[in-house]
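Student: What follows is the residue order along each chain.
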Amino acid sequence: MIEFKDVNKTYPNGVTALKNVNLTIDQGEFVAIIGLSGAGKSTLIRCINRMHEINEGTLTVNDVNVGKLSGKQIRSFRRKIGMIFQSFNLVTRTSVINNVLISSVPELSWWRKLVGLFPKEKKVEALEALDKVGILDKAYNRVDQLSGGQQQRVALARTIAQNPDIILADEPVASLDPVTAKVVMDDFKRINQETNMSILINIHHVELALEYADRVIGIRQGEVVYDGKSEDVSQDVLDQIYGSIDNVPKMDDPEEAEV
Amino acid sequence: MNKAVAQQLEKAPNRKVYLSTIAIILTALIIWSFMGVNITGFDQRGTQIATNIFSGLFSPDLEFLFDFTSGGGVPGLLFETIAIAFLGTVFGSFLAIPISFLMSPSIVSRPVAFVTRLVVIFIRTIPSLVYGLMFIRVTGPGPYAGVLTMSLTSIGMISRLYVDVIENLDRGVLEAMTSMGCTTYQKVRYGILPQLFSSFLSVTIYRYDMNLRDATILGLVGAGGIGAPLIFAMRSYRWSEVGSILIGLVVLILAVEIFSNKLRERLVNG
Amino acid sequence: MRETVYDKIFKPKTYTLSNGKEVKQRASRAPFILLIVLFVTVVSGEVTGVDLSMLRTRGHQFIVILTAMFPPNFNFMNNVWGPLFDTIQMSLLGSIAGALLAIPFALLSSSNIIRNRLLNGFFKLFLSILRTLPTLISALIATFIFGLGTMAGTVAIFLFTLSYIGKLMYEHIENVDMGAFEAHESMGLSKVEAFRYAIVPDVLPTYLSVSLYAFEGNIRFAAILGYVGAGGVGLLLDERLGWRDYPSVGMVLLILMLVVFVIERISEYFRMKLT
Ligand SMILES: Nc1ncnc2c1ncn2[C@@H]1O[C@H](COP(=O)(O)OP(=O)(O)OP(=O)(O)O)[C@@H](O)[C@H]1O
Ligand SMILES: [Mg+2]
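Protein chains in written order, with the UniProt record's numbering: chain A, 1 to 259; chain B, 1 to 270; chain C, 1 to 275.
If you're looking for bench data, these hints aren't it; they were derived computationally from the structure. Backbone N, C-alpha and C fix where the C-beta goes; we use that ideal spot for every residue, glycine too. Possibly wrong hints are sitting among the right ones.
[Stated by the list, open to error] Estimated spans, in silico, between C-beta atoms of each pair:
hint: 1; chain 1: B; residue 1: Ile-107; chain 2: C; residue 2: Tyr-269; range: 22 to 28 Å
hint: 2; chain 1: C; residue 1: Thr-275; chain 2: B; residue 2: Ile-107; range: 21 to 27 Å
hint: 3; chain 1: B; residue 1: Gln-48; chain 2: A; residue 2: Glu-107; range: 25 to 31 Å
Take these sequences, add in the hints, and give me the full structure.
Tutor: If you want it as structure tokens, here you go:
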């Protein structure tokens, strides 16, 4: 269970990315988070595994107060949370299986880390994870020989091999074509149903969000403006989340200006 | 474990033998090379000289360093070195143009390309100092011999880089021009030359950088440049003079490197 | 379009489209560049005393030494092996030591690994300055410090390799995509582990390939280091050229060519496999 209580997050440069967020997400939910660019979606999910720190309020994940963790505790806490990125974030100059095996690195002995060897049972686990996302035959190919959709599934296999309770996905299908995007979303759905992992997805594609997620959270300028079943999302709700056209961030918006 | 997974596990590429063979050979080579080089620490005299060089660097002979009269001071010598490297690069890059075409498998037949490559490799292996001595017979000692040496030795590297440029020519443009019914002359003039010009220029500027560094050593055989005064200064233990020359050299080469990087950036970005 | 000084002097061509918009085409820079090159060439020719007619009248002198080398003195072959192995050993040891020390230097120079601008800048400057020193000159200095012999040559090659690989590697490391590193941290790997499994596999092939390339080049450098007394075949070349014993020089060069050729092919083969 993930619990946000009055969470506020302000970046060192003064941008307030989360305002008074209160949320409870139960184990096994499939949640889509939607909102404009710069609304704070990435910030929200990155606070959950403490890639970002919150400033105020409390954030509890499976009865652990995330803000209180330190050093080694953060690392072992992160082992139970998987993360998927828009740009896949794989090591491209090595094989698919080596990427999946990385999920087992913290459990290895020092000499194995030095030489780069993995025990057989870890290899089996990695191959099984690849089998689950349907790219077992690519196990020994180099990642840079795969298509975008295949790479995202390698990333998914890497996360599955970690055997987490929660998967956080930051725009996982944004760089994929519509058909491949559906294939990857199907994988998420299947994993959610088969293993009861909670899944939180940031997504710009509203139709996909409504089709796959059970619950939708709408964020606008750091505030949760909608939280409910995906069936209940109407045009009014979308207007509330996205605003009318003139609310689209301008070039003087801090994030846009950086680009 | 299901069957497909078990099968895939079997298929894991086994590179242990390959990697350990390489590791063994490498270790043997390292041991062998340790045996050949007699590692000497530096004795008292060495330490003394090292401190002398350092103190020379920090108290250079300023008069010598800023003597702008032609010939005598560091600026004059550096100028001569720049000129040697420049002419060597210009001549070398001109000579490299026909050679690079003869080396490109997409222009001439494979055997011709191979033989030219072989010849160029062999030309490159002869140390520049040997060429320097040979040219001194032609021109007498002095910077002219240095220019000729630089021209010859830079052909090897420049033509190899030119070949890469030629092989990577954007052929799409040529196809497009053929489809528009352009003549061969038009294709070469508007399709090939513009592409080649800036890339060749960029390669040449890059090589100038290196030639400048190499030109400093020609003085060793009397082929001009700043190398000879440096050796004289060292052999006669005039450390502040050595300091001046080294400072001048480092500043010059750094400046040229920065300048040539800027220039090449501009060339690439148009 | 940004106007530079050049555009002010040589006005760009202006085309007016039918809808009233103006498009400017810069005047070609090629003639200007050629003019500068020509000017500098003439000045340099003056400074160095280039006289092309001399090539015609005395050019055959160049061939004199070359022909004197043929046929090479095959009896001299046995004198070549010792110094030749010295040369190879010097460049091997110098290259390996330089390549190894280049790793910490490259890491300390990379702003995405060590987040300390001052430290990065210091090591970058150090590598740049080291790179400006021609190998033969550092060898010369080394002979004064370490005495005549292979040690001086090894040190010179070591210094050059350090600067060369160090620079190429920090440039590569700074351009590495840090995405995988971030992903590994999100999985609970420590920074060191994330570095080991995200950055190292990305950088290693380039590192090995650059090191091999440096070694290839070093063999050629090492061949002349004997000139300043830093050991190897250069010593023989210097001696035999001084005695005008050209057939022996021919023999040295012939063996050198063959050895360099073989080493280059081997190294090229492995470099191809690495990319
Ligand atoms: N590292 C950072 N430092 C400072 N400000 C940041 C940082 N990351 C994000 N922000 C700011 O926080 C706000 C929320 O950003 P966030 O990345 O969470 O948006 P998002 O909803 O994920 O947008 P997108 O859909 O474009 O990914 C933005 O205004 C952004 O400029
Ligand atoms: Mg985002």
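Student: Which hints from the list above does the structure break, by number from lowest to highest?
Tutor: Number 3 only.
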